[in-house]
Amino acid sequence: MLLVARLAPAVAGDATVTPVPAAAWAMVEEEARGQTVYFNAWGGDEAINRYVAWAAQVIKARHGVILQHVPLADTAEAVSRVLAEKAAGRTRDGSVDLIWINGENFASLRQAGLLSGPWVAALPNAPLLDTHGNPTTVVDMTLPTAGYELAWGSARYTLFYDSQVVLVPPRDPAGLLAWIRAHPGRFTYPQPPNFLGTSFLKQLLFLLSPELARARFAAPVGADFDALTQPLWAWLDSAHPHMWRTGRIFPASGPAQRRLLGDGEVDFAMGFNPAEASRAISRGELPGSIRGVFFSGGTLTNSHFLAIPFNARAKAGAMVVANFLISPEAQARKADERIWGDPTVLLVSTLAPGDVARFATLRRGPATPESVGRGFAEPHPSWIRALEKAWNRRYGVR
Amino acid sequence: MSGLVLQSVTVSVGARQLVGPLDLSVTPGQVVSILGPSGAGKSSLLAFLCGVLPPPLHAQGTVLLNGDNISNLPPEQRRLGILFQDDLLFPHLSVAGNLAFGLRSASNRRDRGRIISDALAGFGLAGYETRDPATLSGGERSRVALLRVLLSAPRAVLLDEPFSRLDPATRQTIRALTLAQLRARSLPALLVSHDVDDVVAAGGPVVRVGNA
Amino acid sequence: MKFLAVWVLLLSALLPVVAGLAGTVQLDTAAWSELFKTPGLVQSLTLSVWTGSVASVLALALAHVVLAAAVTGGWSGRLRAASLPLLATPHLAVGIGLTLVLAPSGLLLRFLSPWATGFTQPPDWATIQDPLGLALILGLVIKEAPFLLLALFAALGQVPAERLVLQTRTLGYGRLKGWLVAVAPLLQRQIRLPVAAVLVFGMTNVEMALPLGPRTPPPLALVLWQWFTSADLDMRPLAMAGSVLLMLASLGMLGLFMLAGRLVGRVWRFSAGSGRRVTSASGGLMPGGLAVVVGTLGLASIIALLLRSIAGPWRFPAVLPEHLDPAAWSSAASVLPGVAGLTLALGATTALLAVLLVLAAAEPLRSDAVLRQRVAMLLFVPLLIPQMSFLFGLQILLLKLRLDGTLAAVVWSHLVFALPYVWGLLAEARASLDPRFTDTARLLGAGRLRVWLTVTAPLLLRSTLLGLALAFGVSVAVYLPTLFAGGGRVATLATSAAAAMTAGDMRYAAAHGAAQALLPLTAFVAAVVLGRVVFRRRLGVPG
Chain A
9 MLLVARLAPA VAGDATVTPV PAAAWAMVEE EARGQTVYFN AWGGDEAINR YVAWAAQVIK
69 ARHGVILQHV PLADTAEAVS RVLAEKAAGR TRDGSVDLIW INGENFASLR QAGLLSGPWV
129 AALPNAPLLD THGNPTTVVD MTLPTAGYEL AWGSARYTLF YDSQVVLVPP RDPAGLLAWI
189 RAHPGRFTYP QPPNFLGTSF LKQLLFLLSP ELARARFAAP VGADFDALTQ PLWAWLDSAH
249 PHMWRTGRIF PASGPAQRRL LGDGEVDFAM GFNPAEASRA ISRGELPGSI RGVFFSGGTL
309 TNSHFLAIPF NARAKAGAMV VANFLISPEA QARKADERIW GDPTVLLVST LAPGDVARFA
369 TLRRGPATPE SVGRGFAEPH PSWIRALEKA WNRRYGVR
Chain B
-16 MSGLVLQSVT VSVGARQLVG PLDLSVTPGQ VVSILGPSGA GKSSLLAFLC GVLPPPLHAQ
44 GTVLLNGDNI SNLPPEQRRL GILFQDDLLF PHLSVAGNLA FGLRSASNRR DRGRIISDAL
104 AGFGLAGYET RDPATLSGGE RSRVALLRVL LSAPRAVLLD EPFSRLDPAT RQTIRALTLA
164 QLRARSLPAL LVSHDVDDVV AAGGPVVRVG NA
Chain C
5 MKFLAVWVLL LSALLPVVAG LAGTVQLDTA AWSELFKTPG LVQSLTLSVW TGSVASVLAL
65 ALAHVVLAAA VTGGWSGRLR AASLPLLATP HLAVGIGLTL VLAPSGLLLR FLSPWATGFT
125 QPPDWATIQD PLGLALILGL VIKEAPFLLL ALFAALGQVP AERLVLQTRT LGYGRLKGWL
185 VAVAPLLQRQ IRLPVAAVLV FGMTNVEMAL PLGPRTPPPL ALVLWQWFTS ADLDMRPLAM
245 AGSVLLMLAS LGMLGLFMLA GRLVGRVWRF SAGSGRRVTS ASGGLMPGGL AVVVGTLGLA
305 SIIALLLRSI AGPWRFPAVL PEHLDPAAWS SAASVLPGVA GLTLALGATT ALLAVLLVLA
365 AAEPLRSDAV LRQRVAMLLF VPLLIPQMSF LFGLQILLLK LRLDGTLAAV VWSHLVFALP
425 YVWGLLAEAR ASLDPRFTDT ARLLGAGRLR VWLTVTAPLL LRSTLLGLAL AFGVSVAVYL
485 PTLFAGGGRV ATLATSAAAA MTAGDMRYAA AHGAAQALLP LTAFVAAVVL GRVVFRRRLG
545 VPG
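So the sequence lines, in the order shown, correspond to chains A, B and C.
Sequential numbering from 9 applies to the first sequence in the working numbering.
Sequential numbering from -16 applies to the second sequence in the working numbering.
Sequential numbering from 5 applies to the third sequence in the working numbering.
Just so you know, these hints were derived from the structure itself, not from any lab.
Hints may be right or wrong, so weigh each one.
Unchecked claim - Ranges of calculated distance between the beta carbons of each label pair, as one might list FRET restraints:
| no. | chain 1 | residue 1 | chain 2 | residue 2 | range |
| --- | --- | --- | --- | --- | --- |
| 1 | A | 175 | C | 116 | 25 to 31 Å |
| 2 | C | 543 | B | 0 | 39 to 45 Å |
| 3 | C | 540 | A | 346 | 52 to 58 Å |
| 4 | A | 233 | C | 121 | 43 to 49 Å |
Each residue gets a CB set at the ideal place from its N, CA and C atoms; glycine is no exception.
Only chain A is shown next, with the shape it has when bound in the complex:
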């Protein structure tokens, strides 16, 4: 799309970029009118599906763009599809126009040349992103987004627990280990390579590593992998025998473990959305005694993103959709725990007063922890693969 290419300045993700001229954006909107945007997004959460349905309604009314949600069981399905299309030589009229992705997917998509861009800086709402306060919006697992993906929401690794049983929640690895040993069979974590499970490993690794070593994680994995991860395996070796199913069986996913928490089989769960437990309580999936907490030494943070495949048919439409999704109106509604509760990527303080008010009226649910201490950025993607492989070798096969 010539139009899009012309509009994208060389540097993206820089807060000092001048806003796009209104006339140029009007041309994008004009081109987008009447297009159907196939938005491939994980469809397993009906609250998110309803949010997307709401967005589709608004976008249709305001821009005449039809947002078609294609619910996926896993983002990798969309990745496979784009990959297959590339393998078949289809360079235009692809079946995917917009993908909701997170870190690992970006790296492989980018490296395989499956993404279109840069396009983010062409969006009028792009300057509203909190790129300084939240660097994960422009650096995705140590890879600069370079305008190829747009941050949509924020995530922090949160620990949820049953306050009726866990009177004082452990907030560091040593405390957690002590608690596990004192309460056999009541703690677990999702099995890697599930994203949440692997993130548990990353979180522990950060907390167990001295300050100097942490900088190392931003660089690719090297020969010092075993030495650096030794504290992690030592911790797991001590903890597993006292875990749920003696560390021989693990829940398949975060939601699966949330179910265990709700049924009373375990006392802990984890997630990337600090508001998800509150939402679960309001839907009756979790008892009211559940609370959330961050690790005191620092918590793993990242963002999730929107990306446009190289062969998307409705690129202009996808950009219009993306622009709406990071508008203050859409972000505030997304952050509303009654709707979804996903943290915003916008720098709220710099918004117009009316928009600031939108965010100010949002209430924090009973299980949503108070905002933050320190955040750890995600390590280089190669660490994920290496950790998963090592975990599988040690614990994945009995």
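Starting from the known structure of chain A, fit chains B and C onto it as the hints suggest.
What follows is chains B and C alone, placed relative to chain A:
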């Protein structure tokens, strides 16, 4: 020349010849009986005459009916009728439906209905038009089957042991009825049977078939 | 060219498979060496083989024994009706439901706690996802036994069961033993293909392994599934190589089963010759009891799923949830009609096409049992290969033809999986029609077409209706084919249920799963009722 004529008819499976070569002539009103051991190919012979011989069987020879060579005609054009051991009344049709299936004369519904009712009455089955064939007795079913064949106005009739499933008392009645009808309409007929009484009642020539 | 219809049928079924395999099977030595370096590969493969074969044997034995007891005991009608719900519910739904029953926090222990067990918290037992795969085997048996039972019922039409049992009774055998000795072996010969399909599914499925199977390591199919769906694209060649390995393993097991079958047959005949005539006095009781246990577990799974879909907070050891909350259903109500409508349309189209293709091809083969069997075997090929092994290559082919994402491609992919069952039902039904009916009709003056329309078709109506329902049920249930052929743009109840399932949103998933089960169930009931009604005054019509 009227009647049913078979010329040099052979029925084989593979290289083995089951029947023939057979030369046979059946005059109108005559009932030729065909005897032979089981599995000798008698039924296959009839199947060949009808034009429904299933593979792997194959046959050769000429079949003439009232002077016309019907050897290469499709079954529906041969104007032959057949009665099997089982009545084979179409279970999804009523008695009248079965009879109407092959009815050739009269094109409008009222006439056809009348013809069928009259035919049923003539056979002692008055009022049976809407009956379900499965609810009829063996004898009644044989009568309907016979009627069905006759209403299709065949020029010859083949009988493949049509009375063997009936109990002795019914068998006599039905046999007498069938043979009388055939004679009355001067239809040439071939009768395949094991039963000596059938052959005697048929009263026609007897042909032995089956190369042992 | 009288076999044109047969060729069209075979092409429809096999072209996608052949094309797909060609795309997937690649001689990538790097991938293969990487594959063999995977830790736990041997264990995963062994697990697949073990769970698949044990489940198949148990399901088969159970089906035979229960059928024997039911027919000789006179409750076969009730058995058929009772197995319908289990047949209609998709595998994934039953699997999840079973975890809700068997898990330490599941219904079973909730019923028994705390009065019988003394538990106030769920015990740390591995009742599901156990390392030996016993839960997985149980789940497979619950789904596959009714399926094999149905196949046996269908085979009953080919076997003079009553006469045989009568013969054995005159020889002094009890009813049950007489059946098992005389009838069961004959039935078994007829259902070899369904048994093969059950074996392959047991070894290569993802739907049951996901909720119930072990995880350290998982069965091979699940490992492949993880690789195929991994964000790391480098794992794909590995997955393709793995799917070839899985395919070879399932082919090997099929061969082994064939040999084992012959051995068992010999042993059976030998034991039949032992002269022991009567099974224990409670002959029909044990199979009946087993049927009740398995059936109850299955039904409980479905109930647990439905209950969970509307349950509010529900902590152990409460047997019932604190309160009901149909939130999931009301929110699903906005999405459901559209998805259900599409599923219905796809199913109806698949059903119609399947039945037409089969009827057309069954006609020229009506008197040739050997050819019919060959066609049946060829049609079963897609069921004897792990789905992933050819679906990935198929997707690439569809892309090249610009057919991916079209409804036509999806229907075709459904057709491939529906044809073997429809053929098994309808081709045999056609062949079992007394040929003398059509002979008589021809001689009464009707041409070929008129005979087919007025005699053959009505006599096949009941079987045709069941065939339609069968194909419809398959179309509604399949997940992976819709995913690949539809390019992700075609959302059926199966794909949306799977999406919700992996998310762990039980209520949303249960709502879709229940809808997914209701469609085929309704279709079956409609087929049976319609079949009964149409010929209610014609007692002699088959079916």
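Hint by hint, here is what the structure shows:
| no. | hint | verdict |
| --- | --- | --- |
| 1 | A/175 / C/116: 25 to 31 Å | 30 Å, holds |
| 2 | C/543 / B/0: 39 to 45 Å | 43 Å, holds |
| 3 | C/540 / A/346: 52 to 58 Å | 56 Å, holds |
| 4 | A/233 / C/121: 43 to 49 Å | 46 Å, holds |
Violation of the numbered hints given earlier is absent; every hint is satisfied by the structure.
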